[in-house]
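Spelled out from the first residue to the last, the chains are:
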Amino acid sequence: MLKVDNINVYYGNIHAIKDVSFEVHDGEIVALIGANGAGKSTSLKTVSGLLPSRTGSISFLGSPIDRVPAHKRVAMGLSQVPEGRRIFLQMTVLENLQMGAFTSKADTKADLEKVFEQFPRLLERKNQIAGTLSGGEQQMLAMGRALMSRPKLLMLDEPSMGLAPILVEQIFEIIKSLHKAGTTILLVEQNAEMALKIADRAYVLESGRITVSGTGKELAASDRIKKAYLGG
Amino acid sequence: MQFLSFLISGLSLGSVYALIALGYTMVYGIAKMLNFAHGDVIMVGAYLIYVVSTMQGLPIWVGFLASVVGCTVLGMVIERLAYKPLRGAQSLAVLITAIGVSYFLQNAALLIFGSSPKSFTSVISKKPLSLFDGALVISWEAILTMIVSIFIMIALTVFINKSKQGKAMRAVSEDRDAAQLMGINVNRTITLTFAIGSALAAVAGILLCSSYPTLTPYTGAMPGIKAFTAAVFGGIGSIPGAMLGGVLIGIIQMLANGYISTQLSDAIVFAVLIIVLLVKPTGLLGKKINEKV
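Residue numbers (our numbering), protein chains in the order written: chain H, 1433 to 1664; chain Y, -7 to 285.
Source of the hints: derived by calculation from the structure; they are not laboratory data. The beta-carbon is built from N, C-alpha and C at its ideal position, and this holds for glycine as well. A portion of the hints provided could be inaccurate.
Stated by the list, open to error - Partner residues aside, some chain Y positions facing chain H, computed with beta carbon under 7 Å: (1) Ala163; (2) Ala170; (3) Met174; (4) Ile176.
This is chain Y alone, in the form it adopts within the complex (with noise of 0.2 Å):
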């Protein structure tokens, strides 16, 4: 019972990890790029929600729906803003880049909101689910985080396998000068690409915090580098394989975080993916990049 409880919780928390780490794979898989500043767009989506509906009270629909597009506007503005004048630079430019973004969003929410952390109210107020007498008690947020992801995670699958833009998106990612010849305009794929990511990071956000109350502006930093690790673990570019890692590295935290000692679990996370690099280097899920003469 023990078990299950760990594996629930794990589940959980990795849900929310994948739905992080999608929008990494496919801002690296689309843009080339890692967006060490997407992290932080989870805490920026987890004070527009408190702003809105915890500080001026409007219901919780109106401050996911603020969070949302908020994040996704702000995705853009990154973007266009941070990232497009780099296009064609090398890689570590790019790179120290997205850390100087995350910076500036840290030290932006830091000077507007404090550095006290809030605390951030859930967005079920009812009593967690007691099952078999009390022997296995589960949240309502992790219930309502697993379905969420599923469903978020099941649609973004067919949008990228189904619709013409998602198609466009995977033409882009595997030849991108090929997928201009074809009439595609690169630009604003990477901006949609910028734009569903930030979106998925604002979901994740609201789920988070919602499990885990306490915002700070540093509560995005921590779930992002475990997304990215997760990213990595799954192979990165890879979109099964987010979902996947993201999931498997909750359940690995949860249970390390139970069986062995909560101060190693995060030790123990970052170890099983040391070791899955030198097994497999292109992760779980990841294909073989293909060298093009």
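The following block holds chain H by itself, in its conformation from the complex (with noise of 0.2 Å):
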């Protein structure tokens, strides 16, 4: 579904990503994780667009995206949640799944109702001015606004990040409910422990090079892999 071939991003003058290639198939929970700083959040602004790749290529469902601009690349079905949730905190929470769904020619009430299921909280706070909601709820409402453009693979950017434990428990059971629901899902966590346990296959980045590779559970086995990033 997503193939991502030998990538270099600069930012300025700083070489963030070298020669990144990684892929996603359909039907998949794919995993990147790796320490701060590693590249893992410019991997997935470079796949949605935001950020140019000097070299390499990008193709989403067979055809290369590489000229496509972030906007049309919503429409193809790529969505992202980005790091930080970056909802629009001055809207309300019914607006912004409305600019979720900004591309989508589907019929939104739709829709609306399938993300109002999904999280009920966001139903209860529809007509609320976004800024106002706690942490996890602002997660929830960027997940579902990004579910709002019927994506085919959604990316999420550390979606646990400044979460309680409880609620990142709860964050990774819709990950898994919305995998199990048909969406193909390309994550980004830190909280590699949690991210590998869902995932069908990681690829581990170090220093803005992917430097192991494999499924989820040979990764959560390795040695290397639990010094470095499980905590043991």
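Assemble the dimeric complex from its two separately framed chains, guided by the hints.
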């Protein structure tokens, strides 16, 4: 479904992503794990089109998207929940969700109902200004907003960041249920333990390079990964 | 009665400032730049209706239409040619470019129309309204200005809050990257903002020159600066702020004009701005900017 082939991304003179290649197949959950600053978010932003790659190519559903601007990638079925949620704080919950459906030609009403079913808290707070939501609710809103475009591939950037452990569990349950419902997922996480538990396959990023890859189980069992990312 | 008369002329002038201030504040909110050429678009709008209706003698509504359409296109062209190539450049470069565009428009008008003032024919030719046995005289221009401005402000508010494009504009103004991730075309949204702002400037120019009928290439400069002041006064980036700021600046200017001194009225307007910014740096309705990590 998604094929990232040998991309190199720079922030000015800083070489943030070095020869990174990875793939996401239809129906998978793929995790990118690694320490802070390893290049996980940069990789996602390059896939969604917010950052340009100097080399290589990214293809989605079989066609290269290197020249497709970010806003058109959404309509192709690529949706990203950005790091730090980035919901529109001054708009209402409902307006945020409507923005998520900006490119959608489908029945927005039915999609809204589906999101409210998945996240009942959002229905309760439908007309509230998004800035007044709690951290967990904001994460749910960010995910609900991304789902409104009916993505074929949902990319989640650090969905557990800054949330209490119980909320982290809840968010991962939701990711699992979205996956069950047929959404392919690319997950970026610092919380490697949780990510590897649900991932079919995973890639480990270290200072801008992919150093290890394998199935979620393999990586969770690997001594090296345990030491570096799983606290022992 | 005198107070009422000052108040009404202040409201009328203020609603013109508000229309212009909306252009400043929307462009600032969405494109994150100060478009100092905005005031000169007013002047272009006034010349357009002057050429079409006064010089060519076509009906006033044709001139009005020509002016609004002409300015809308002008705004989009300015954005495309002068500002779009600088997207991502430092804000000082954009600011200097905007000042350059302003001089360009003034000098182009100077070249075409010369420096001698043209006398603008008001869009209404009716004797002023005289109330209370002539104790209170209100010009129809003032009344028209207030009605048109209120109508436009309501329409704009509904557009921004209810329409899909309006919501997209708010989204872009709050978080450009996140808006892109929603599938919103940021470039097109910015163009639309310039189009709307310039159309409002054309209307403002026509109303302003109907009340103050001397037209020169520098006609737009001072109202432009006043309206910019109004936008900052109300909280730059805030649409209700621009409306409130514009009306207040107009009233303050007219009251200062009437009760204190004509020469000092501009100084008083700017003094009030300074005081407000000292007390509330974000302006009257400005929101505190949340630092994003």
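Outcome of the hint check:
1. A cut of 7 Å between beta carbons decides the hint on Ala163 of chain Y: the least distance to chain H is about 5 Å, and the hint holds.
2. Annotation: Ala170 of chain Y was flagged as interfacial toward chain H, and the flag holds, the nearest CB pair being 4 Å apart, inside 7 Å.
3. Hint on Met174 of chain Y holds. Least Cβ distance to chain H is approximately 5 Å, under the 7 Å limit.
4. The interface hint given for Ile176 of chain Y is met, as the beta carbon of that residue sits about 6 Å from the closest beta carbon of chain H, less than 7 Å.
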